[in-house]
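Using the sequences and the hints, build the whole thing.
Here the protein sequences come in this chain order: H and R.
For what it's worth, numbering that gives the first Met the number 0 labels the leading residue of the first sequence as 0, then goes sequentially.
For what it's worth, numbering that gives the first Met the number 0 labels the leading residue of the second sequence as 0, then goes sequentially.
Warning: the hint list may mix true and false statements.
With a straight-line cut-off of 20 Å between C-alpha atoms, the simulated EDC-like cross-links for lysine to aspartate or glutamate are [stated by the list, open to error]: (1) Lys66(R) <-> Glu99(R); (2) Lys2(R) <-> Asp9(H); (3) Lys3(R) <-> Glu5(H); (4) Lys3(R) <-> Asp9(H); (5) Lys258(R) <-> Glu34(R); (6) Lys2(R) <-> Glu85(H).
Just so you know, these hints were derived from the structure itself, not from any lab.
Now for the letters of each chain:
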Amino acid sequence: MGSLLEMLYDVLFQPGMGMRNVAEQKNVGQALIVFSLSVLLPIMALYFGLKSTGMSAMINVMIVFKILGSIVLWIMGAAIWHLIAEFLGGMGTVVGLFTALGFAHAPRIFIVPLWALIALMPASSKPVLMTVSVLLIMLWSLSLDVVAIKEVYLVSTSKALLVVIMPLLVVAILGVIGVTFIGSSLSNMSMWL
Amino acid sequence: MHKKTVVILIIIVIAFSLGGLAFRSSHSKRPSQSEKIAIIYVEGVIVGGRGQSNVFVEQGGTDQVIKQLHEARDDESVKAVVLRINSPGGSASASQEVGEEIKKMRAKGKVVVTSMGDVAASGGYWLAACTDKIYANSTTMTGSIGVYVPYANWEELYKKVGVYQEKIKSGPHKDILSPERAMTNEERVIIQVMVDDIYNQFVGVVAEGRHMDESAVRKLADGRIYTGNQAKQLGLVDELGNMYDAIDGAAELAGIAGKPEIKEYGKQSPWNMLFGANEQVGSLLEKVILNQAKNALSSGGTIEMSTDQWQVR
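This is the structure:
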């Protein structure tokens, strides 16, 4: 437990050293604990938030989506980034990356205190503050992903960044192509006037 | 040691934050206590049955609509219901079933107001006629008060392709509306009597719901469709306006002071959430075309109402 707490501290506040240790130890069990807490705690915050707004019907669906989505992204992220990192000349193991990516989810736990603070703010500022807080946390988490790839595959920061954004770029390009096609097909739809 | 202390402190802060959020959610004012207006959607062809229902979406089949009407009726916080109709019609019995449910809801003292979308014709109008007040857009297609039974005779085609189907019947009319043979005059009379019976019931529903004489309804009920504008002039529609006008009208009729809370019934698919109106119009168009094609090709057995304009003959 002591080692886990120290490792968590390092990952959050000394990410270079923390990710190096995580990649060396490859302790998947600890990664699973961090991942589970990082996913479940924000979900609990989300649950309380939705419950208070009366959107109870959506809660179950959103929780299932969130948990399954996070697991799938963790596994697929490790597999895809491993492939790209090796393709770009990195040397590391997929288990090391999988473990490091599990720890990279850790900043998400800060969503809970942030949302608790935002809940006390005026209603008009809540949506903006919530969006900003989620964006900041996601950015922190993404930067940890970059550090994880850098430390696991011993590549430069720019190369690690390229590994991280490459799948996003591919998805964005495919999205643009898809939207273009859907848009053109919708514009051909019969009008009702 | 310093690292452990910091992480433990973070855990304590998170635990307190979660506790605070839980406390806040359990003590926040429940919106369900206020007076609500329920919105129930009737979309596509009106057919009986359960339709499609899964974790993401509920669509098709009047059982879902009836279930939603029941829920709204039993919910004490729901003071009025806006029935948003976007349907070209459908089965007579399914329309009647929903219509009766609407009448029961009104009998319980709840206001039911119709908001017509692109199309609220035939069976869609049957439902609208059962409500307290009807709102339509000036370009809405409505009316089509009438009944038809689709029938196709494929006898010549079967002969050409060499198909001969024989039936051993318990009675002479057991295979009535069968596409393998021409309808006899006697059978035509039987079907016509049935169509007339359902038509009379339809006219009765409209006359009762719209407070009109049956003779006046019959003059309008020759199966033709009307625009919302025409329908208002003829007394088939009360007001011209969109769904929010209907919501305001329902709130006024129910005596809800201030801005009413809206409660939407039915699930919306993620696809609908992404592509919204375009998908809805496309889906409606597709259902209308499919329904007409099905009617034209089917061998009968179901009695359906539809807009004459789209009938495939």
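Hints and how they fare:
1. Among the hinted pairs, lysine 66(R) with glutamate 99(R) is consistent with the structure: their alpha-carbon atoms are about 13 Å apart, no more than 20 Å.
2. Of the pairs offered as hints, the one joining lysine 2(R) and aspartate 9(H) holds, with about 8 Å between alpha carbons and a cut-off of 20 Å not exceeded.
3. Restraint check for lysine 3(R) and glutamate 5(H): satisfied, since their Cα atoms lie roughly 6 Å apart, inside the 20 Å limit.
4. Under the criterion of a C-alpha separation no larger than 20 Å, the hint pairing lysine 3(R) with aspartate 9(H) is consistent with the structure, at around 10 Å.
5. Note on lysine 258(R) and glutamate 34(R): the hinted pairing holds, with a Cα-Cα distance of about 9 Å set against a maximum of 20 Å.
6. A C-alpha spacing of about 34 Å is found between lysine 2(R) and glutamate 85(H), which places the hinted pair above 20 Å, so the restraint is violated.
Taken one by one, the earlier hints fail for this structure only at number 6.
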